[in-house]
Amino acid sequence: MSAVPAQKTNAEDLGKLVLRVTVGSMIIFHGLAVLTGDPGIPARLVAWGLPAELKWLGFLAEFGGGVAMVLGAYARLGGLAVGFFMVAAIIMSHIGLMNSQNHLFMVAMNPGGNHWDHYFLDTQMFYMLSSFAVYFLGAGKYGLNIGGKWN
Amino acid sequence: MSTTTIGTAHGADAIAATREDIAKAIVRITVSALILLHTWAVINGEQAIRDTLMRWDLPVGLAWTAVIFEGIAPIMVILGVYARIGAAMMTFWMVMAFLLAHIDTGHIFQLAQSGVGWRVEGPFFFLALSFAVFLQGAGRFGLNIGGKWN
Chain X
1 MSAVPAQKTN AEDLGKLVLR VTVGSMIIFH GLAVLTGDPG IPARLVAWGL
51 PAELKWLGFL AEFGGGVAMV LGAYARLGGL AVGFFMVAAI IMSHIGLMNS
101 QNHLFMVAMN PGGNHWDHYF LDTQMFYMLS SFAVYFLGAG KYGLNIGGKW
151 N
Chain B
152 MSTTTIGTAH GADAIAATRE DIAKAIVRIT VSALILLHTW AVINGEQAIR
202 DTLMRWDLPV GLAWTAVIFE GIAPIMVILG VYARIGAAMM TFWMVMAFLL
252 AHIDTGHIFQ LAQSGVGWRV EGPFFFLALS FAVFLQGAGR FGLNIGGKWN
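Top line first, the protein sequences correspond to chains X and B.
Counting in our numbering, the first sequence runs from 1 upward without gaps.
Counting in our numbering, the second sequence runs from 152 upward without gaps.
Keep in mind that the hints were calculated from the coordinates and are not lab data.
One should not assume that every hint holds.
To be verified - A few chain X residues that don't get close to chain B, going by computed Cβ distances all over 12 Å:
no., residue
1, GLU53
2, HIS94
3, GLY96
Stated by the list, open to error - Partial list, computed: chain B residues near chain X (C-beta under 8 Å):
no., residue
4, ALA192
5, LEU280
6, GLN287
7, ASN295
Where a beta carbon is used, it is the ideal one built from N, C-alpha and C, also for glycine.
Chain X with its partners taken away, still in its complex shape (with noise of 0.2 Å):
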């Protein structure tokens, strides 16, 4: 009774999975470095004065929240839950504020060192707005399809 095809639908399932696979299984390696004691979070709220355990929050949102992309089960809680991280992140940790640098506006060196090479920001842009896609795009039907609404 549809009136959508059922290609166009398939590959706009296709995507959905593409999106949220990609974004999922690579912000779960930052989660795994917050559990492996990378500093980088700590240090951050230390600065803006709150408690350092506050970390294993960032950890929930990146590791929980990738988890949830990838498997498509509350996937858009956790697409949610990592777009509000990285909002956290950038202006916790790039707009200068805290004696952190001010990096909305800069561009970063390639790998070489002798030539600027893309926007400072690009990951961070990536994340953060890639899983507010995934908030509102949702999980489509390759997943596990658990969490009504908001999968």
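Following the hints, put chain B in place on chain X, whose structure we already have.
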């Protein structure tokens, strides 16, 4: 009563469709705007593509194809003009980037220099999101030129 129910269902569908179109716009504008900045670097003398071509004994002039694959193509995607074709071109470009610059160098098996995250997460975002745009199309927030190829 039934009229109200049908109207509500249509309203929910419209909201869901709008959310999907917002997401498509976010993804296609993000990936395209960020790759355009990289193209601007190449035009202004960034050597990485030229160095890679030389390493593979390929003509250095091929670096200027960047203007097409990561210059014109992302503009098509941003505008919503044959966006799927533009996204396919960007996907092809990033596949070539991985084949020529990131596989034999072992980058795909390395962590970032900071030790946090995958070394090629940036390039992989470009690749995967371009492919996602190819699969999903531009959505309705654009010029909507190109029919099924948009």
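A quick look at each hint next to the structure:
no., hint, result
1, GLU53, "holds, 19 Å"
2, HIS94, "holds, 14 Å"
3, GLY96, "holds, 20 Å"
4, ALA192, "holds, 5 Å"
5, LEU280, "holds, 7 Å"
6, GLN287, "holds, 4 Å"
7, ASN295, "violated, 15 Å"
This entry does not satisfy hint 7, going by the numbered hints stated previously; all others are met.
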